[in-house]
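Chemist: Listed here are the chains, written in short residue letters.
Protein chains: 2
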Amino acid sequence: MKKIHIVGLGLLGGSFALASKRKFPELTITGWDINQQNLQDAHTLGMIDREQEVADQDTDLVILATPADTLKDILEKSLEEAGESTLIIDLGSTKENLCKSLASHPRRAQYLAAHPIAGTEYSGPRAAFAELLDRKVMILCELEKTNLHLKEKAYELFDALNLKLRFMDPEEHDRHLAFVSHLSHISSFMLGKTVLQKMEDDRNIFDMAGSGFASTVRLAKSSPAMWAPILTENKSNILSALDGYINNLKDIREKIADENGAAIHMDLAEINKIRDILDLKG
Amino acid sequence: MKKIHIVGLGLLGGSFALASKRKFPELTITGWDINQQNLQDAHTLGMIDREQEVADQDTDLVILATPADTLKDILEKSLEEAGESTLIIDLGSTKENLCKSLASHPRRAQYLAAHPIAGTEYSGPRAAFAELLDRKVMILCELEKTNLHLKEKAYELFDALNLKLRFMDPEEHDRHLAFVSHLSHISSFMLGKTVLQKMEDDRNIFDMAGSGFASTVRLAKSSPAMWAPILTENKSNILSALDGYINNLKDIREKIADENGAAIHMDLAEINKIRDILDLKG
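In the order they appear, the protein sequences are chains A and B. Be aware that the first sequence starts at 10, since it is given in our numbering, and climbs by one per residue. Be aware that the second sequence starts at 10, since it is given in our numbering, and climbs by one per residue.
Please note: incorrect hints may appear among the correct ones.
A pair holds if it fits inside one copy or across any two, identical chains being indistinguishable in the list.
To be verified - Straight-line distance between alpha carbons at most 27 Å, and here's what the computed DSS-like set of lysine-lysine pairs gives:
hint, residue 1, residue 2
1, 109, 264
2, 12, 81
3, 207, 173
4, 207, 264
5, 154, 244
Read the hints as simulated data drawn from the structure, not as lab findings.
Using the sequences and the hints, build the whole thing.
Modeler: Okay, here's the thing in structure tokens:
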């Protein structure tokens, strides 16, 4: 591993750069960001050795960490420009459309579809930190379509970064993520919106907010440039998750309106099963 | 401050006991819990010096930390049994109905309606810890109805525990809390339910859950015995908060269905304003 090129030097791209530098001190990292301030910050923060839009021909890995709606174009362009032993990896939060659009690309074997389950509600290079990826799950899709020797380079980096690899179909990935990530973001954003609307009448409403509110509304701080594209990109799975969620909310609304305390208690006790599942994970 | 009696030795009552002991080592704490295991644990954990159902006549403060649906009866009973210089404080999460029902009670001056904005998703005495209340907001309602000298005793304890006092009408309290606490719990419980339902088809769905999901679903671990009564107790405010939330979810659902990325982006960017408000608080 001698040279990596990173496109998109925000929270994820920046953290990848910092972690890679730490593990491979001899590594050269070139990088690019469409945002000039990000590019400058990435330099100042020691994430990249050189700013350049196009990867050198002898680059081992090109890592794409830009918003979901930009990935298809950047990925196609990167594949065209790439040297013969360069592997292009995208880190996008949705995988189905991207994998489909690349299915019959002549250089498909030089592409690896990846998604690290790592992030915070903050964005940009200044939010990045080397530990973000440490011991996180990294989902890889359609592994069989990627060239064997090029994959080895990716594994070398992922193992060094302590990523825990998981493999699944792009369809399965998008279906799962709609429920355990995208729906969480929507619920949090809409919770924030509801309380902000209430604040128009009651200015002091946030004074009474405790740690529970902070926890449920944290994701409402997330970047719109990252999240708006994910929501439309994974539309059908998200609509299905959202419909289930709205139905459950309507159902408990009925029970509250009926003052059916016993039914509510039964519901909440059943949902408490999530304790065991989350504790097993944690 | 010589003697305190605590009814309900769970997370909140137990934490009150531990913090009070730490600040007033000479204090005698008597206590009661309808659950024998809790009572025994409270003893083992050093929360109470003596188990007894009824407070001694020379008790300074009786603190009621039981579920919302039990408070009215326990409060009336406690007022009847209380010595003349005992103050009864309830720590319930809803205040309007309780204050109304006590409005013309002959011993109303011996009651103080309080609500500490402090908790975790865990419950029972084993979840309690002395720091739970440290520097948390403590809302007090209808302060003018409580006897002046008795109030001083409460202030002595609250100040020692570093509680930050806030004053408001019971109606205002319940209206605000519906938005910044009760709605968060409902959104989290229903998110948990939606993903558990999905898990019936996809058993491995939680493998892909990251810190964002954990954060939004954390409150779904909360105690049904505590939360089911709060939801019916604060029914009208919660229905109003819930209707606003469901409408916002339906609205973004439309925008996703229309693939209206620009409108979604505008929405999320507007909601990002919550960053400044939360950062100010934090």
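Chemist: Of the hints given before, which are not true for this structure?
Modeler: Nothing - there is no hint that the structure violates, so all of them hold.
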